[in-house]
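Chains as they are written, first to last, in my numbering: chain A, 1 to 305; chain B, 1001 to 1340; chain C, 2001 to 2546.
Honestly, the hints are just simulated from the structure, not real lab data.
Beta carbons: idealized from backbone N, C-alpha and C, even for Gly.
Hints may be right or wrong, so weigh each one.
[What the hints assert, rightly or not] Some chain A residues close to chain C (C-beta under 8 Å, calculated; not the full set): (1) Leu48; (2) Gly53; (3) Lys56; (4) Pro57; (5) Gln61; (6) Gly63; (7) His121; (8) Gln122; (9) Trp159; (10) Gly164; (11) Pro255.
[Claimed, not checked] Below, in silico cross-link-like pairs of lysine-lysine (BS3-like), each with a Cα-Cα straight-line distance of 25 Å or less: (12) C/Lys2260 to B/Lys1098; (13) C/Lys2301 to C/Lys2373; (14) A/Lys39 to C/Lys2144; (15) A/Lys56 to C/Lys2105; (16) C/Lys2322 to C/Lys2310; (17) A/Lys56 to C/Lys2128; (18) C/Lys2076 to C/Lys2240; (19) C/Lys2128 to B/Lys1098; (20) A/Lys39 to C/Lys2283; (21) A/Lys125 to B/Lys1040; (22) B/Lys1098 to C/Lys2144; (23) A/Lys125 to B/Lys1037; (24) C/Lys2240 to A/Lys39; (25) A/Lys39 to C/Lys2260; (26) B/Lys1038 to A/Lys125; (27) C/Lys2498 to C/Lys2480; (28) C/Lys2310 to A/Lys56; (29) A/Lys39 to C/Lys2322; (30) C/Lys2481 to C/Lys2546; (31) A/Lys39 to C/Lys2280; (32) C/Lys2177 to A/Lys56; (33) C/Lys2105 to A/Lys39; (34) A/Lys39 to C/Lys2310.
[Said to hold, decoys possible] Label-pair restraints from in silico Cβ distances: (35) A/Leu297 to B/Glu1178: 16 to 24 Å; (36) A/Gly90 to C/Asp2415: 56 to 64 Å; (37) B/Phe1317 to A/Gly53: 47 to 55 Å; (38) A/Ala42 to B/Phe1142: 56 to 64 Å.
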Amino acid sequence: MARYILKRLLILIVTLWIVVTATFFLMQVLPGTPYNNPKLSASAIAQLNSSYGLDKPVLVQYGDYLLNLLHGDFGTSFQYQNQSVSTLIGQRLPVSAQLGLQALVVGVLVGLWFGALSARHQNQKLDGFLGVLSTLGISTPSFILAIMLLFLFGYDLGWLPVSGWGDSFSQTILPTLALAVGPAAITTRFVRSEMIDVLHSDYIQLARAKGIGEDQVIRKHAYRNSMIPILTLMGPMTANLLTGSTLVENIFSIPGIGQQFVSSIPTKDYPVIMGTTIVYALMLMVMILITDICTALVDPRVRLN
Amino acid sequence: MAASQDFTLVGIQNEAATETINKPALTFWQSVWHRLKKNKLAVLSLYFLIAIGIFALGSTAVLSQNAANQFNTNQASKYKNLPPKSGLPIPYWNGTGKEAGAVDRTDLYEARDVSQKFILGTDNLGRSLAKRITVGLRISLFVALAATFIDLLFGVTYGLVSGWFGGWIDTVMQRIIEIISAIPTLVVVTLLALLFGSGIGSIILAIAMTNWVAMARQVRNQTLTLKERDFVLAAKTLGSSGPKIAYRHLVPNMAGTIIVQVMMTIPAAIMFEAVLSAINLGVKAPTASLGTLIADSQSMLEYYPYQILLPAFVLVFVSLAFILLGDGLRDAFDPKMLDE
Amino acid sequence: MKRWQKWTAAIVVVAAIAGGGKAAGWWGKSSDSNKKTLHMALPTEIQTLDTSKITDQYSALIAGNTESNLLRTDAKGDPVPDLAKSYHVSDDGLTYTVTLRSGLKWSDGSALTAQDVVYSWQRLADPKTGSQYAELISNVQNAKEIADGQKPASELGVNADGNTITFHLTAPTPQFKYLLTFGTLAPQKQSYVAKQGGKYGTTSAKQIYSGAYKLEGWNGTNNEFKMVKNEHYWDAKNVKTEQIDWQVVKNPETAIKLYKQGKIDRASVSNSAEMYQANKNNKAAQSVPVAAATYLDYNQKDNVFLKNKKIRQALNLATNRKDLNQQATGGSRDAAQSLVSRGLVKTSQGEDLSNYVKPGYRYDKQEAQRLFKEGLAEVNQGKMKVTLETDADAPISKSTADYLKQAYESTFGNDLQITEKIVPFKQRLKDAQAGDFDIMVTNWTGDYQDGATFYDLFATTDSGFNFGHFDNPTYQAAIKKANTQDANQPAEREQDFKTAEKALMDDANINPIFSWKNTALVRSNVAGVVNNPVGLSMDLTHAYRK
């Protein structure tokens, strides 16, 4: 087990290095300077470049960047002057993490419930309805959903706050809902099919044959065994949430990391773009790693090599 | 009280009938179709998609991109932001609406003396929304299909090569896939879109470059299983070349997996196009895809909600149909359901 | 199992709620209805409080209200003493002498001295600081040499002597007094900057304030903070507002909603045409001019069609500015009547500069068609195919490009084909500088309240912002005269500007389309706000709730 984790961590680091390298050189070819002021003359740009060390050969800059990265230094933002990227990310990450976690929890809980409901009533009306509902959830990009929710509950009905973060829990409801629909839909579909498999399996038939009530069968036997595979969904769902949160954070003015990523693109604030990319990649990879380890721990059939 | 009065022995009436096999012999595709037909939603989706496809293709003959982009600059104020009008007394579809800032719904067609009927209304420059959505749908479908086609070519080849050769080649190729899937798609797509500049071509490429991974994985796994099967071993012993085996034996046998994967990639591509549009990296104006129509009319939701809701509905329903059909196909291809 | 599940679910839900409901209360805090508190919204985050490094107008807005400079623009648009007691300009316009008020203090209670003013200017000029606005002060003696690294920053032509500061300029600079109002050029305390080092200005606690308010509660990334009255401000007794609450609201529709719910006192309605139209008749809507203009650059260096004067004139004549403004912006901007924007500055006679210099742009379809035919014949290259480039950063840009394409193509029929090219802002800037465009929609924001902030754009054929690289001797001569011979003669200078505008229109070197304004819903009981077309867009120093 320890060796497996070690090996995976090693791969993770190499992957991260490749991600850093690829993004770094990609940044070099994007048009424009990282300076906000559009009125800079060529000579002023040259001076700024030299004061920020951007006139050095690309490879030297790359080396410096890697070296700093080893010390946990992501550089200094161009857009947020003087602000170190690690501070920016450090302050914004908890916000995004809270939002993402809330969405994940709500989504998975709803998904578990709907999925089980669907499986129990397989091929009945409820199943069909939930099936269409969950497919609808998958086919609606979260930013479209966010806009709709904002206008319906925030503007028209005025039930919930329309922007901001940190003042009250109610502010988090709309963005959480917008983001939770995706995981909820994915989980519903997954749980349904897993559970149907389980319900058709021999040991469940045996349990039924013993005369245990359907409720009991589902609660005691089916649920547990169909929940394990949900772990494998965590990776893709996290990836999905990351994408969704960038736009949703922007719509609701939430000071998270996604909003920062979006706003750093047009300004070419590349220390921030790179820092965010690295953090995103890291989060995703760690999530996948944890998923893999958990799956292995829970399911004896999966062997680590 | 004789039992014989309650039950009669039926017995075998016709011995010959039991010998005939009732099920007609079906080819692989026939049986898939047979099983697919049982899934009403999937069939409905299939018909819907065929209709959409015919509509999109057919519309190219009648409606050019330019026609959807044009408007009369001198009369833009007369025609702009007209609500949908069906010509029938259906609420919210009868040409009434609120001007921005107004309180009451009025018949805007009457107020502005417009005799034309725009069944889906007009946008902020007086262009018919029906035309723009038609063209937008066409472009979104084109982007999605083109991206998926690239995925298909590249992903299948990649998966085949990786699975067939195995060994260190496989290891290296799988590592590459792991790295690519470690970067969130949005980051990759935005960076690539920034790099290639805006335009349909670059969007297609950006989407394709991130979506092929899933396809490659699936195909590799299938290849790994199939290459141990007897018919492949036989072909190998008979001296067939690698590409020939891949083409003759492997691909046809994993057609199901590939088709299902394609059905999942298309809606993903459609949605990613919309996300790209939302961060201003969509197709070039004045031509609009569904994504840009939605993104551009975000500011309209408060005033003219139909302008964003209509393209959003089209996008959601097309994606929905693809996913439902994909689900249906997966079940239909599933060998577990063979005996049904 | 059943119990286990229930507990897990319960714990998870409680944890999620607890995470969300921070100290400020579970379900929203009660709105502070204190009379002495104002509520404002900012459309983007604060980027920095390091005044030398501010590059965006909203950080500048915060700095302008929390830092004071020597002068401050009053409600009439005139610079009046703020930290300065008085100022004097020499007859040749080359020396500015400013006397500070006595007893000035920073928000931490330490003394604010003339040396702090000098240090701030030196810091801006020093290339090591990496300020993006060092060019703003290039007319100060030695500024260019310092920027090039040939001289140390201490050689800058700004000197302190007791309570007096002297600015030495290399050329008469009529707009110089406006620089003395900028928050970005406000004094900075050297010992404080040194103490904070690289963290200077990254949070509200890592800056000291010389203005009417001090900022509190900004940690570098959060979206809510407040300004609190600065008791050490020299004019604190005339500052009636105790606190201004700020929140970042990125979605402009949301800001309007918050205004209507009474949660903020001001919300801009200029973001989209529809938003403007829906709110322009609101009693609370107020428009203020913004020193910014939109015009078309014609590439007159490389494009064979646009080199032709008749074709350019035809395009200008085919531009129905009033209708374009109505359709594309919904009236949220004004149709341009000159290169210089409306409401920028008044002439010596008290007339709006734009009204004074306007050369008479008009819309004439027949004339345009005639000129286009002639021009096309002169070029003799067949059908004219050009691109129209704009950036996609505001909803208005796209509809502007759509409208122009349609208007030109319908006027000139089959002789013209326009392809729209909509790119991110940085890409457009790069294309503009490289001359890689045919027609480009350019937005220019002025830096100070003087015509030169627009006219210097095209001072020479190769000046940095003459993207079309046009050569217009009459224009260039007029601007040169305005900058040298007439620099200290306001009336003559204005006449030069008028000549230049006329020359620009006659040759149709550019095509002015919009003059900007900002319209906002403003709470009727908030008074004393000063809106400037350039510099500090909203000065709250003397704002108060009635």
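Cross-check of the supplied hints:
Taking 8 Å as the C-beta cut-off, the interface hint given for A/Leu48 holds, the closest approach to chain C being about 6 Å. Below 8 Å, beta-carbon pairs count as interface contacts, and A/Gly53 has none with chain C, the closest being about 10 Å; its hint is therefore violated. For A/Lys56, the suggested interface contact is broken, since its CB lies about 15 Å from the closest CB of chain C, more than 8 Å. Taking 8 Å as the C-beta contact cut-off toward chain C, the hint placing A/Pro57 at the interface is violated, the least distance being around 20 Å.
Violation of the interface hint for A/Gln61 is found here, the shortest Cβ-Cβ separation to chain C being roughly 16 Å, above the 8 Å cut-off. Look at A/Gly63: its Cβ only gets to about 21 Å from chain C, farther than 8 Å, so that hint breaks. The interface hint given for A/His121 is violated, since its Cβ lies 20 Å from the closest Cβ of chain C, which is over the 8 Å cut-off. For A/Gln122, the interface hint is violated, since its Cβ never comes within 8 Å of a Cβ in chain C; the closest pair sits about 22 Å apart.
Residue-level restraint check for A/Trp159 is violated (minimum Cβ-Cβ distance to chain C is 12 Å; threshold 8 Å). Evaluation of the A/Gly164 hint against chain C yields a held restraint, the C-beta minimum of about 6 Å falling below 8 Å. For A/Pro255, the interface hint holds, the least distance from its beta-carbon to any beta-carbon of chain C being 5 Å, beneath 8 Å. Between the alpha carbons of C/Lys2260 and B/Lys1098 the distance comes to roughly 19 Å, so the proposed pair stays at or under 25 Å and holds.
For the hint linking C/Lys2301 to C/Lys2373, the alpha-carbon distance of about 21 Å falls within 25 Å, and the restraint holds. Proximity of A/Lys39 to C/Lys2144 is assessed by CA-CA distance (about 16 Å); at most 25 Å being required, the pair is judged to hold. Of the pairs offered as hints, the one joining A/Lys56 and C/Lys2105 is violated, with about 43 Å between alpha carbons and a cut-off of 25 Å exceeded. Proposed proximity of C/Lys2322 and C/Lys2310 is supported: the alpha carbons are some 22 Å apart, at most 25 Å.
A distance of roughly 16 Å separates the Cα atoms of A/Lys56 and C/Lys2128; the hinted pair therefore holds under the 25 Å criterion. A C-alpha spacing of about 20 Å is found between C/Lys2076 and C/Lys2240, which places the hinted pair at or below 25 Å, so the restraint holds. Between C/Lys2128 and B/Lys1098, the direct Cα distance comes to roughly 57 Å. Violation of the 25 Å bound is thereby established for this hinted pair. Restraint check for A/Lys39 and C/Lys2283: the C-alpha separation of about 37 Å exceeds 25 Å, so the hint is violated.
Taking the CA atoms of A/Lys125 and B/Lys1040, the gap is about 13 Å. The hint holds against a cut of 25 Å. With a CA separation close to 58 Å, the supplied pair B/Lys1098 and C/Lys2144 exceeds the 25 Å bound. Of the supplied pair hints, the one linking A/Lys125 and B/Lys1037 holds, its CA atoms being roughly 18 Å apart against a limit of 25 Å. A threshold of 25 Å between alpha carbons decides the hint, and for C/Lys2240 with A/Lys39 the separation of about 38 Å lies outside it, so the pair is violated.
Proposed proximity of A/Lys39 and C/Lys2260 is contradicted: the alpha carbons are some 37 Å apart, above 25 Å. Of the pairs offered as hints, the one joining B/Lys1038 and A/Lys125 holds, with about 15 Å between alpha carbons and a cut-off of 25 Å not exceeded. Distance restraint check for C/Lys2498 and C/Lys2480: the Cα-Cα separation of roughly 13 Å lies within the 25 Å cut-off, and the hinted pair is therefore satisfied. A threshold of 25 Å between alpha carbons decides the hint, and for C/Lys2310 with A/Lys56 the separation of about 48 Å lies outside it, so the pair is violated.
Note on A/Lys39 and C/Lys2322: the hinted pairing is violated, with a Cα-Cα distance of about 29 Å set against a maximum of 25 Å. Taken as a hint, the C/Lys2481 and C/Lys2546 pair is broken in the structure, with Cα atoms around 49 Å apart against an allowance of 25 Å. As the CA atoms of A/Lys39 and C/Lys2280 are separated by approximately 32 Å, the hinted pair breaks the 25 Å bound. For the proposed pair C/Lys2177 and A/Lys56, the alpha carbon gap of about 39 Å is over 25 Å, so the pair is violated.
For the hint linking C/Lys2105 to A/Lys39, the alpha-carbon distance of about 34 Å lies beyond 25 Å, and the restraint is violated. Our distance criterion of 25 Å between C-alpha atoms is broken by A/Lys39 and C/Lys2310, whose separation comes to about 31 Å. Checked against the hint of 16 to 24 Å, the C-beta distance between A/Leu297 and B/Glu1178 comes to roughly 21 Å, which is consistent with it. Under the hint 56 to 64 Å, the C-beta atoms of A/Gly90 and C/Asp2415, about 59 Å apart, fit the expected range.
In this structure the hint that B/Phe1317 and A/Gly53 lie 47 to 55 Å apart at CB holds, the actual value being about 52 Å. Judged by the Cβ atoms, the range 56 to 64 Å given for A/Ala42 and B/Phe1142 is violated: they are separated by roughly 41 Å.
Of the numbered hints listed earlier, those contradicted by the structure are 2, 3, 4, 5, 6, 7, 8, 9, 15, 19, 20, 22, 24, 25, 28, 29, 30, 31, 32, 33, 34 and 38.
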